[in-house]
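Peer 1: Sequence:
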Amino acid sequence: METVVIKREDLISRNSDNKFLQQVIRKIEKDYWDDGKVLFDVHLDGILIDESSPFNNLDIQSNDYSEIKLRVQLLDDLVWSTVDSTLEYVKKLSTFCESTVDKYRKEKYEAALRDLVQIVDSAQWTFESVTLINTQLTKKCPTAYQSQFALWMNTELKFVNVLKELIESFDSSDYILQADILEFDFLTILDESLVYLESIKNTRV
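The sequence shown begins at 0 in numbering that gives the first Met the number 0 and counts up one residue at a time.
Simulated from the structure, these hints should not be mistaken for lab results.
The beta carbon of each residue, even a glycine, is placed where N, CA and C say it ideally should be.
You may find that some hints are simply not true.
[What the hints assert, rightly or not] Only pairs whose alpha carbons sit at most 25 Å apart, straight line, appear in this in silico DSS-like list of lysine-lysine:
id	residue 1	residue 2
1	LYS29	LYS68
2	LYS90	LYS163
3	LYS6	LYS36
4	LYS90	LYS105
5	LYS91	LYS102
6	LYS36	LYS68
7	LYS26	LYS91
8	LYS102	LYS90
9	LYS107	LYS90
10	LYS157	LYS91
11	LYS91	LYS107
12	LYS200	LYS157
13	LYS26	LYS138
14	LYS138	LYS29
15	LYS107	LYS163
16	LYS200	LYS139
17	LYS26	LYS139
18	LYS139	LYS29
19	LYS200	LYS91
20	LYS91	LYS68
21	LYS36	LYS138
22	LYS102	LYS163
23	LYS18	LYS6
24	LYS26	LYS36
25	LYS26	LYS6
26	LYS68	LYS6
27	LYS139	LYS36
28	LYS29	LYS6
29	LYS91	LYS163
30	LYS29	LYS18
31	LYS200	LYS90
32	LYS91	LYS18
33	LYS90	LYS157
34	LYS68	LYS138
35	LYS200	LYS36
[To be verified] Derived Cβ-Cβ restraints for the label pairs, each shown as a range:
id	residue 1	residue 2	range
36	GLU197	ARG70	25 to 31 Å
37	GLU106	LYS29	52 to 58 Å
38	SER146	SER61	51 to 57 Å
39	ASP9	PHE95	44 to 50 Å
40	THR94	LEU74	27 to 33 Å
All chains, please: the whole structure from these sequences, using the hints.
Peer 2: What follows is the structure, given as structure tokens:
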């Protein structure tokens with residue numbers, strides 16, 4: 000990851016068309032994106048700037064700051080680090096899911112239901128993460144991963160359907176059904192997701 004420091008004077012001279020810090024950050028972010036890089040975060044004199052920061056409306060002509068510091072990552076590096084982190088996450092989710100099934104079978108329903116909420120949230124994050132990976136790899140190498148993408152399309156449909164079943168199961172007290180969905184459907188999908196991610200990782204272009 001690259002760190003870039005821009006002094007106040009340079010920031011002003013480079014951004015004559017933008018008055019507020021938020022406008023400047025958006026322009027910088029777009030320029031980096033066009034160059035195949037991702038703006039990871041921004042600090043104003045050591046203070047992290049996010050969407051809710053009052054400093055977004057700071058006039059860049061103001062004397063109230065001295066510099067902004069940017070952390071930038073190559074998009075390609077971000078994609079592959081996401082592959083690695085998602086792989087590890089799915090492995091942990093699979094183990095957690097197995098322990099939750101065990102709680103259902105031992106009739107520890109209150110604890111199992113708490114776990115189920117976490118599993119649904121984690122499953123949604125996993126799905127979004129894989130979608131991000133696929134989108135970026137398709138842009139980079141449209142034909143290089145066709146066999147892997149075809150594999151994921153089948154898993155993706157099952158992923159969506161099972162996730163829907165899990166969410167709908169909250170409205171019932173059919174704990175046996177919830178356990179069965181986790182054990183016989185969701186764990187299978189997690190295994191397929193691992194196979195897919197490993198395949199992507201092992202055929203990196």
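Peer 1: Compare the structure with each hint and give your call.
Peer 2: Structure-based check of each hint:
For the hint linking LYS29 to LYS68, the alpha-carbon distance of about 16 Å falls within 25 Å, and the restraint holds. Our distance criterion of 25 Å between C-alpha atoms is met by LYS90 and LYS163, whose separation comes to about 21 Å. Distance hint between LYS6 and LYS36 is fulfilled; the C-alpha atoms sit about 21 Å from each other, no more than 25 Å. At roughly 23 Å between alpha-carbon atoms, LYS90 and LYS105 fall within 25 Å of each other, so this suggested pair holds.
A threshold of 25 Å between alpha carbons decides the hint, and for LYS91 with LYS102 the separation of about 17 Å falls inside it, so the pair holds. For the given pair, LYS36 sits about 16 Å from LYS68 by alpha-carbon distance, which is consistent with the 25 Å threshold. In summary, the hint linking LYS26 to LYS91 is not supported, as the alpha carbons are separated by about 38 Å, beyond the 25 Å threshold. Using a Cα cut-off of 25 Å, the hinted pair LYS102 and LYS90 holds, with the two alpha carbons roughly 19 Å apart.
A C-alpha spacing of about 23 Å is found between LYS107 and LYS90, which places the hinted pair at or below 25 Å, so the restraint holds. About 20 Å separates the Cα atoms of LYS157 and LYS91, which keeps this hinted pair within 25 Å; it holds. About 21 Å separates the Cα atoms of LYS91 and LYS107, which keeps this hinted pair within 25 Å; it holds. Proposed proximity of LYS200 and LYS157 is supported: the alpha carbons are some 22 Å apart, at most 25 Å.
In summary, the hint linking LYS26 to LYS138 is supported, as the alpha carbons are separated by about 22 Å, within the 25 Å threshold. Of the pairs offered as hints, the one joining LYS138 and LYS29 holds, with about 17 Å between alpha carbons and a cut-off of 25 Å not exceeded. Using a Cα cut-off of 25 Å, the hinted pair LYS107 and LYS163 holds, with the two alpha carbons roughly 23 Å apart. For the hint linking LYS200 to LYS139, the alpha-carbon distance of about 15 Å falls within 25 Å, and the restraint holds.
Proposed proximity of LYS26 and LYS139 is supported: the alpha carbons are some 23 Å apart, at most 25 Å. This hinted pair checks out: LYS139 and LYS29 have alpha carbons roughly 18 Å apart, not beyond 25 Å. The straight-line distance between the Cα atoms of LYS200 and LYS91 is roughly 18 Å, inside the 25 Å bound, and the hint therefore holds. Distance restraint check for LYS91 and LYS68: the Cα-Cα separation of roughly 34 Å exceeds the 25 Å cut-off, and the hinted pair is therefore not satisfied.
For a cut-off of 25 Å, the pair hint linking LYS36 to LYS138 stands: about 14 Å separates their Cα positions. This hinted pair checks out: LYS102 and LYS163 have alpha carbons roughly 22 Å apart, not beyond 25 Å. Distance hint between LYS18 and LYS6 is fulfilled; the C-alpha atoms sit about 16 Å from each other, no more than 25 Å. For a cut-off of 25 Å, the pair hint linking LYS26 to LYS36 stands: about 13 Å separates their Cα positions.
For a cut-off of 25 Å, the pair hint linking LYS26 to LYS6 stands: about 16 Å separates their Cα positions. Our distance criterion of 25 Å between C-alpha atoms is met by LYS68 and LYS6, whose separation comes to about 9 Å. With a CA separation close to 13 Å, the supplied pair LYS139 and LYS36 stays within the 25 Å bound. Only pairs whose Cα atoms come within 25 Å are accepted, and LYS29 paired with LYS6 is accepted, the gap being roughly 20 Å.
Only pairs whose Cα atoms come within 25 Å are accepted, and LYS91 paired with LYS163 is accepted, the gap being roughly 21 Å. A hinted pair counts as satisfied when its Cα atoms are at most 25 Å apart, and LYS29 with LYS18 qualifies at roughly 17 Å. Distance hint between LYS200 and LYS90 is fulfilled; the C-alpha atoms sit about 15 Å from each other, no more than 25 Å. For the proposed pair LYS91 and LYS18, the alpha carbon gap of about 46 Å is over 25 Å, so the pair is violated.
Among the hinted pairs, LYS90 with LYS157 is consistent with the structure: their alpha-carbon atoms are about 18 Å apart, no more than 25 Å. Using a Cα cut-off of 25 Å, the hinted pair LYS68 and LYS138 is violated, with the two alpha carbons roughly 29 Å apart. For the hint linking LYS200 to LYS36, the alpha-carbon distance of about 20 Å falls within 25 Å, and the restraint holds. The given range of 25 to 31 Å is respected by GLU197 and ARG70, whose C-beta atoms sit roughly 29 Å from each other.
Checked against the hint of 52 to 58 Å, the pair GLU106 and LYS29 passes, with Cβ atoms roughly 55 Å apart. The hint said 51 to 57 Å for the Cβ distance between SER146 and SER61, and at roughly 54 Å that hint holds. Separation of ASP9 from PHE95 is about 48 Å and conforms to the stated range, judged on CB atoms against 44 to 50 Å. Against the hinted window of 27 to 33 Å, the Cβ-Cβ separation of THR94 and LEU74 comes to about 31 Å, which satisfies the hint.
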